[in-house]
Every structure is written in structure tokens, then in C-alpha cells.
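**Q** From first to last, the protein sequence lines stand for chains A and B. The numbers in this note's numbering rise by one with no breaks, and the one at position 81 of the first sequence is 81. The numbers in this note's numbering rise by one with no breaks, and the one at position 61 of the second sequence is 61.
For the record, the hints were derived by calculation from the structure and aren't laboratory data. It cannot be assumed that every hint is accurate.
Partial chain B-side listing against chain A, Cβ under 8 Å, derived [what the hints assert, rightly or not]:
1. Gly-64
2. Val-184
3. Pro-266
4. Ala-267
5. Pro-300
Glycine included, C-beta positions come from ideal geometry on N, C-alpha and C.
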Amino acid sequence: MNNEAVLEVRHLKKYFVKSAGILSTLLREQRKYVAAVEDVSFSINKGEIFCVAGESGCGKTTLGKTILKLLQPDDGQIIFQGQDITRLERDNMRMLRPKVQMIFQDPYESLDPRARIYDSIAEPLMVNHLVKDENEKHNKVIQTLQLAGLTPVENYLYKYPHNLSGGERQRVGIATALVLDPEFIVADEPTSMLDVSVQANLLNLLRKLRREKNLTYLFITHDLSVAYAFSDWLAIMYLGKFVEVGPTAEVIMSPIHPYTKALISVVPGINLSKNIKPIVLPGETPNPENVPAGCRFHPRCYCKEERCTKEEPIMTEFTPHHYAACFVLEKMKLKENGK
Amino acid sequence: MLFDIKDLQVEYTVRDSVARAVNKVTLNLAGGESLGLAGESGCGKTTLGNAILRILPEGGQIRGGSINLNGVDLVKLSEEKMRQVRWKEISMVFQGAMNSFDPTMNIENQIAEAILIHQRDTSKETALERARELLPLCGINPLLGKSYPHELSGGMKQRGCIAMALALQPKLLIADEITTALDVMTQAQIFTLLRDMKRKFNLSMIVISHDLAVLAKNCDRLAIMYAGHIVEIGTIQDIFDHPRHPYVKGLLFCIPNFAGGREIIPAIKGAPPSLLAPPQGCPFHPRCPIAIPKCKTAAPQLLPVNTNNHSVACYRKDYKDVIWK
Numbered sequence: 001m002n003n004e005a006v007l008e009v010r011h012l013k014k015y016f017v018k019s020a021g022i023l024s025t026l027l028r029e030q031r032k033y034v035a036a037v038e039d040v041s042f043s044i045n046k047g048e049i050f051c052v053a054g055e056s057g058c059g060k061t062t063l064g065k066t067i068l069k070l071l072q073p074d075d076g077q078i079i080f081q082g083q084d085i086t087r088l089e090r091d092n093m094r095m096l097r098p099k100v101q102m103i104f105q106d107p108y109e110s111l112d113p114r115a116r117i118y119d120s121i122a123e124p125l126m127v128n129h130l131v132k133d134e135n136e137k138h139n140k141v142i143q144t145l146q147l148a149g150l151t152p153v154e155n156y157l158y159k160y161p162h163n164l165s166g167g168e169r170q171r172v173g174i175a176t177a178l179v180l181d182p183e184f185i186v187a188d189e190p191t192s193m194l195d196v197s198v199q200a201n202l203l204n205l206l207r208k209l210r211r212e213k214n215l216t217y218l219f220i221t222h223d224l225s226v227a228y229a230f231s232d233w234l235a236i237m238y239l240g241k242f243v244e245v246g247p248t249a250e251v252i253m254s255p256i257h258p259y260t261k262a263l264i265s266v267v268p269g270i271n272l273s274k275n276i277k278p279i280v281l282p283g284e285t286p287n288p289e290n291v292p293a294g295c296r297f298h299p300r301c302y303c304k305e306e307r308c309t310k311e312e313p314i315m316t317e318f319t320p321h322h323y324a325a326c327f328v329l330e331k332m333k334l335k336e337n338g339k
Numbered sequence: 001m002l003f004d005i006k007d008l009q010v011e012y013t014v015r016d017s018v019a020r021a022v023n024k025v026t027l028n029l030a031g032g033e034s035l036g037l038a039g040e041s042g043c044g045k046t047t048l049g050n051a052i053l054r055i056l057p058e059g060g061q062i063r064g065g066s067i068n069l070n071g072v073d074l075v076k077l078s079e080e081k082m083r084q085v086r087w088k089e090i091s092m093v094f095q096g097a098m099n100s101f102d103p104t105m106n107i108e109n110q111i112a113e114a115i116l117i118h119q120r121d122t123s124k125e126t127a128l129e130r131a132r133e134l135l136p137l138c139g140i141n142p143l144l145g146k147s148y149p150h151e152l153s154g155g156m157k158q159r160g161c162i163a164m165a166l167a168l169q170p171k172l173l174i175a176d177e178i179t180t181a182l183d184v185m186t187q188a189q190i191f192t193l194l195r196d197m198k199r200k201f202n203l204s205m206i207v208i209s210h211d212l213a214v215l216a217k218n219c220d221r222l223a224i225m226y227a228g229h230i231v232e233i234g235t236i237q238d239i240f241d242h243p244r245h246p247y248v249k250g251l252l253f254c255i256p257n258f259a260g261g262r263e264i265i266p267a268i269k270g271a272p273p274s275l276l277a278p279p280q281g282c283p284f285h286p287r288c289p290i291a292i293p294k295c296k297t298a299a300p301q302l303l304p305v306n307t308n309n310h311s312v313a314c315y316r317k318d319y320k321d322v323i324w325k
């Protein structure tokens, strides 16, 4: 595997302005901001699958959209294939668009109901002026359909989305992303609305495409078991921040952060003999408008200390390439090393 | 036996055609037992749940069979009698129920209203009192009783729905995809609550979900549906350790899990059949790699394979070799 970083994200931040009422606008009260992505850094090498997992509202989708510049980042850097694209203007970004594509969550909403499958897939080619004539366009669409596993193609070309099942629609969604021969794909919960047998087929397709086209993925999911089966790297996100990053198998099998541990323990695994005792966290994820002081996880943490309520821990490398942000475990590690 | 369904058939009439959503379903449930009902979308699991309470949407009708609750056949009851069974004997928490609260009414009033509707001789005060008792039982701070639905999180609203469903101490609770829209942590909280309730009130439960792993952790027995049929039913151990139906074997392969290798095995190809034009014979035969000619002509019966109530509807249930790879 070559070690060329396709994407590098440094200290990325994305804030949303909390919509203010008319009164506070008149009184010129200071605007309130909600941090959806707070200081996130990572890099993805060519041909790798980097997975971001977390509960709803943790900022994982915002992260994906910000990286693709569908949302404008507020701070930090996004470097794609060595080029800083953070401040790239719309026109220059357009040159880059074909290389970076997104697969959306909802196959029922993301396709134009009035466009035939052929037109949906051909549209990106036209927009980007990538084909010279009808013949070339036709060939490219057919090739892409085959690649996405929609065969025999004649059965799909002139159908409308409502003629297709959920799994088939998602394959069309993948095809519209693939038609431009992208190098990097952000897949935002691409299988969460599908049945398990369909999900398995789709994940397998995405893997096959990586093998054949050396694609790089940022895969966003709430499902840790899917992340485990599918990705090379796994980041666990909580309230806008990464709390743990590492090689997927290591994060799942020997998690460090208390949040990761709890999350893994409640994923209903189907192996009954090896029952991990579930750590059911009390309460709910805090509102991102009011992020707790200190470690943002401390109000729900089962091994917190005094220090956690005041200072915010930073990412520390525990084992090679495996990082987590936690004081308590850091101390335990120091103790172990001291012995 | 508390509850017992025999040869239940439910059909939907869609324009001129008929879709048989529940086909000759037979199952039973003891007091205090929880049965998981699993299957992919469109397999008829929600229809089965709705049929038990006789709240099928328009066009849906029970076409045969019986639903016995303590010896009373619910299919034969008058609508008035059935109304007395709902909520008092059997209640239900629906998929997306948390979004079905009246936005203009606070939680404790809504729970009280449910009590008043189904138990007309109760006074408003008694009902409210009962509602306030239920809240902490379901893990809701009683102070939140005055909150309106928009002030509560999804998990809290779902707890409210459970409180409402348990208001009249039913014997059977049907939970239809109650955690599908919730995060894993909230899901774990909700199921911990349901398990507590089951123990405390000796409640029987039918838990409907597409997620086999959730059911494995939270139920005693499991029934797998495919295209309106129950194809396999048994204890969790029987189904997960010794599955006999090729569909169930394939389904277990498809679920990514921490214990298995880090592989995704897209076992079952294709899609379930349309219920408007189901295949002849076994509904699974077009996708089954070990189908024999007999499978194409006559649907197999659900027959026991051991003394432990493990039953399978498959002619090839004794096939030992690897089917999926």
C-alpha cells in the first residue's frame, strides 16, 4: 500500500449560528454559535477506508459535508492531494468536484423522481463537459451501471426511481457518484435505510470498487458493527470532537476511551457465548449549545476525576497510531510504563 | 398458554389484486415470555402485529385463522368487545410512536387521557395520579410530566409511549420497531427498561424488529418471517446456533458482528418476492441455492425439528453442507 495521503484535515472547525429571535437581534445581543465540528484532525491514505462513527448529532455528517466544501469551514485546513482547498473559490472548486463525490443516506430522496436512471447518471457527465458525443455518453453510462452491479443494464436504463427497490436505488446513487471516475468518496450512512441482506451486497460492492479503482473512502456510520466489518481506520466522535482514532480492529477489540468502551458494549453483537457486560450510560448526549466544561464526556463518564471537570484532554498516542483523549487512562498508561 | 395464533391469514386488497401479507401463521406465547419477530421490510411482521389488535389499515382484512387470548378468539369478537381488549389486555408501542404525541398536550395529561379512553369509569384525578406513578417507573423524572413533547428527546418520548402502553397493566405488549430511530445507547436504555417491566409485571411481549442482533439480546424466542410466512421459530440459541432454514442461515451471515471475521458476506442475492405475485411453492425458492423441484410446487409446512418447540418450514432442513459462502 502506498502512503500518499489523499486527504489531510487539520484542526477543522465548523460552527453554526444559532438562529436568534427578533428581540435579541434588535438588542444587538451577541450571536450564539454551536460548534458542530470542533478541532478535528486526521488524514486518509490512498485506497483506505476511514470511518467516522458516532451517535446522532455528534457532527459526523457536518464533518463529511465540510470536507467536500458543501459547507464552508470556519477554521482549519483541508488538504486534498497536496492542495489546500480550504479557501478555494467556487469556480476553482468546480475543477475538483469530479474527483470527490458523495453517496447520500436516503436513496428515496436523493434521486430526481422525474428523471430516468439513464439521465440521472448522465447528468454529471454533461455538467462537467466530460463527453464529446451521445455515443460516448451512452457507453459511459452503461459501463457505470455495470460497475454498480445494475445488470442487465437494459432493465434499468429507462426506468424511473419509483420502479426500483431501495437497494437498487442506492446502487443508482453509487453509479451517479462513480460516473465521473472519482478518487475520493464520502459515503454518509449509505446502507442505514436498507435491509441487512441488501446492505451486505452494497458494502461488498463498495469494497470491490476500492480494489478495482483504488478508491479512497470517508465512511460515515452510526453502526459500529458495519464500521468493524468495512473500514481500515475508525474514529469515534462525540459532541463535535474525535475522542478516539485508530486502526479499526484495535479500536473495537481494545478500546481506550470510556465512551468508546460503553458504545461497543451496547452494540447488540450476535455472538451469545462471548457476552460483554453492557455499560449503559446514564442520561443523554448534552446539547451542543452547552458543551460541558473540561472533558465534554465527563457528565456521563463512569471513571471521571476532579481534573476532568476543569481541563479538556487532548489526543494522546496510546499504542502506535491509536489515539484517545482521556486523562484517567493517560495516567494509567503512565503508571504502567513506570513499572 | 396465554396467547396462541393459529393459521392466521391477512390480506390486503390493492385495486383488483390481493396481497397475502400474513400467510398461515401459527405461533404461541406463554405468560412472561418475549417473542422476537424478525424479517426484512415487507415480510408482514408489522401487519401481524396490527392484526393481533385488529387495527389493520384500510384494505386489510383477516381472512382466516384464530387469535386466542386466554381462550377467547379475538378474531370473532365484536368491535365493542375488541375495544375492551385493546390497552387493557394487549397494548402496543408503534414504530415512530414518539412522534405521535399530541404537541399541544403535556406528557402526563396524554398518559391520563389514554387511561380515561380505555377505562371510562376512572376519574380524571385518578388517571393523572396513575400517570404520575408510571413516569418514574419508566425512567422519566416526574418533574418532566408537565413537559410538552417538543421539549423531550426521542428516547424520553419513547419512554413516555411505553408508560402509556403499560398504563392499564396489559398482559401482552407488542413493540413494533420501537428503537429503530434511536441511537444504540438510548436503545440499550429502552430495552433495559422493557426487560425490567417484563420481570416486574410478568408481561408477555412480542418485539417486532428488522434487527436480529437486538432481538437476540432481548427476547426468549425468535420467529423469522419471509414473504408472509414464518419460516423458522425457536429459542434464541436454537436459531443462532443451529439455524435450519436456508434463508435464516443466509441472514445470519449478512449481519456484521464483532465476533465474526471482518468480512461481509453478501449471501442472499436478489430481493424478496412481491406479495402481489408470490412464487408458487416455497416463497424463498427463487433465491434458494439448494431448492429441489418439490420446493417449486408446494409450500413446506412449519414442522418441529426438536422437542424444544424449534420449528422450520423447509423441505431441505436436514441439509448439512455449507449453503452460503
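**Q** Now look at each hint and say whether the structure bears it out.
**A** Taking the hints in turn, this is what the structure says about them:
no.: 1; hint: Gly-64; verdict: violated (28 Å)
no.: 2; hint: Val-184; verdict: holds (5 Å)
no.: 3; hint: Pro-266; verdict: holds (4 Å)
no.: 4; hint: Ala-267; verdict: holds (7 Å)
no.: 5; hint: Pro-300; verdict: violated (21 Å)
The earlier numbered hints that this structure contradicts are 1 and 5.
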